[in-house]
Amino acid sequence: MKNRLFKITIIHIFIILFWSFLFKLGIITENEGVLNLASITLFFSIYFFYGAEISKKESFKFSNLLILLSLLLVTISVLKLIKINFILIFISIILTAIYSKKFIDLKVINNFNILPISKNMTKFFVIALVLFSFLLIYFLNLDSFIMNIFYQIIFLIFELCFNLFLIEKENNYEKNLKLYYLSDYMAEERNEFARIIHDDIIQDIYATRNYLSLKNPDINYSKEILSNLEEKSRNIMKFYQNYLFENLDLKENIVSIFENLKILYPDKSFKIEIIISDEIKNIKNKDLKKIVNTVTKELINNIYKHSNGNYLIYKISIEDDINIYTESNGNDKKDLDKIKNSKRVVLLIELLLENKGDIKYKLDKDILTTEVRIGINNENNFYR
Numbered sequence: 001m002k003n004r005l006f007k008i009t010i011i012h013i014f015i016i017l018f019w020s021f022l023f024k025l026g027i028i029t030e031n032e033g034v035l036n037l038a039s040i041t042l043f044f045s046i047y048f049f050y051g052a053e054i055s056k057k058e059s060f061k062f063s064n065l066l067i068l069l070s071l072l073l074v075t076i077s078v079l080k081l082i083k084i085n086f087i088l089i090f091i092s093i094i095l096t097a098i099y100s101k102k103f104i105d106l107k108v109i110n111n112f113n114i115l116p117i118s119k120n121m122t123k124f125f126v127i128a129l130v131l132f133s134f135l136l137i138y139f140l141n142l143d144s145f146i147m148n149i150f151y152q153i154i155f156l157i158f159e160l161c162f163n164l165f166l167i168e169k170e171n172n173y174e175k176n177l178k179l180y181y182l183s184d185y186m187a188e189e190r191n192e193f194a195r196i197i198h199d200d201i202i203q204d205i206y207a208t209r210n211y212l213s214l215k216n217p218d219i220n221y222s223k224e225i226l227s228n229l230e231e232k233s234r235n236i237m238k239f240y241q242n243y244l245f246e247n248l249d250l251k252e253n254i255v256s257i258f259e260n261l262k263i264l265y266p267d268k269s270f271k272i273e274i275i276i277s278d279e280i281k282n283i284k285n286k287d288l289k290k291i292v293n294t295v296t297k298e299l300i301n302n303i304y305k306h307s308n309g310n311y312l313i314y315k316i317s318i319e320d321d322i323n324i325y326t327e328s329n330g331n332d333k334k335d336l337d338k339i340k341n342s343k344r345v346v347l348l349i350e351l352l353l354e355n356k357g358d359i360k361y362k363l364d365k366d367i368l369t370t371e372v373r374i375g376i377n378n379e380n381n382f383y384r
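Just so you know, we're using our numbering here: the sequence shown kicks off at 1 and counts up by one.
Read the hints as simulated data drawn from the structure, not as lab findings. Keep in mind that the hints are not guaranteed to be accurate.
Taking lysine-lysine and the DSS-like style, the derived pairs with C-alpha atoms no more than 25 Å apart in a straight line are [what the hints assert, rightly or not]:
| hint | residue 1 | residue 2 |
| --- | --- | --- |
| 1 | K360 | K338 |
| 2 | K83 | K7 |
| 3 | K315 | K305 |
| 4 | K290 | K305 |
| 5 | K80 | K24 |
| 6 | K365 | K286 |
| 7 | K365 | K338 |
| 8 | K24 | K83 |
Okay, the calculated beta carbon distance ranges per label pair [stated by the list, open to error]:
| hint | residue 1 | residue 2 | range |
| --- | --- | --- | --- |
| 9 | L156 | K102 | 23 to 33 Å |
| 10 | N36 | I94 | 16 to 26 Å |
| 11 | D143 | I82 | 46 to 56 Å |
| 12 | D143 | K83 | 34 to 44 Å |
| 13 | L164 | I87 | 32 to 42 Å |
| 14 | M121 | N308 | 17 to 27 Å |
| 15 | A194 | E230 | 12 to 22 Å |
| 16 | G26 | S133 | 54 to 64 Å |
Predicted model, so just to flag it, every value in this text is computed and none were measured. The C-beta atom is built at its ideal place from N, Cα and C for all residues, glycine as well.
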């Protein structure tokens, strides 16, 4: 939204400069009625276009054309050579009205104010500005064009302030939203951990207790259950350790991720191909190792959770950056949309890669590929 608002503001700047250029060349109309009406029309057009951008809920392929055409007509309406100035302004008003009718939500526009003050204070400000302007015109004998440009510049300043205000608020909102979803992710991880403890550990303990409580306890089978439980507990512990073991290099850590996931998802059977560049072993930076392991964990865990395919390819290499590539089958458009709209796993990866890399998804038939780039040579990157 803010990008479209900035585009409208940029167009407004060009209109002011264009009118000033026409004035410099002496080819602007001398009809004060045309100048005043064109200036007022431009005011309200920009205001309503802003209101529409704030409140519109649907896309319309001709919306940009309506904006451009409306502003173009009011821009050229002040040319001295044009004899149908009022007609052009009238058409511009109609186009703005059509656009506003299509997109403006009246509930939103009633509370919308481009000035950084309350609506009640806006009334006093406008009245004071008009009175001040009339006094300037009277005492300095200013012509109509100069005053209209003066008004346009004031309005332009408020537009820029409004845009900067939106950017600041949006950035704060994005930060709060990321923190919310990150906390939600952590809560979901705890719930998942609790489920695994219940399903894979408590159930086995309960079964062992029952076997040992029999009149003729099956000690050997109970020992077998407990031995399997010990191994299973170790694998769960490794999985939730963020896959980072000080005595292992990065390659061995990555391999352990796949081994643990196979155990955690016994119902899933993938033909797995793992290609790890030898240079990966040379990465010693602890923070970078954590990022690579966490990203790998989330990518592969996501495939195990959601893919209905039978093969999985994982590649990691180092060129200028660290590049991770995954490929799996058994996916469809809905799976891709779920991934892109995910507010948990994908958000976590994006937070980890923020200003340090990027992630891209691609779906070809039922094959989903993911490419992750983690920067290591960027001068702003703390991984150096």
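Hint check against the structure, violated hint numbers in rising order: 2, 6, 11, 12, 14 and 16
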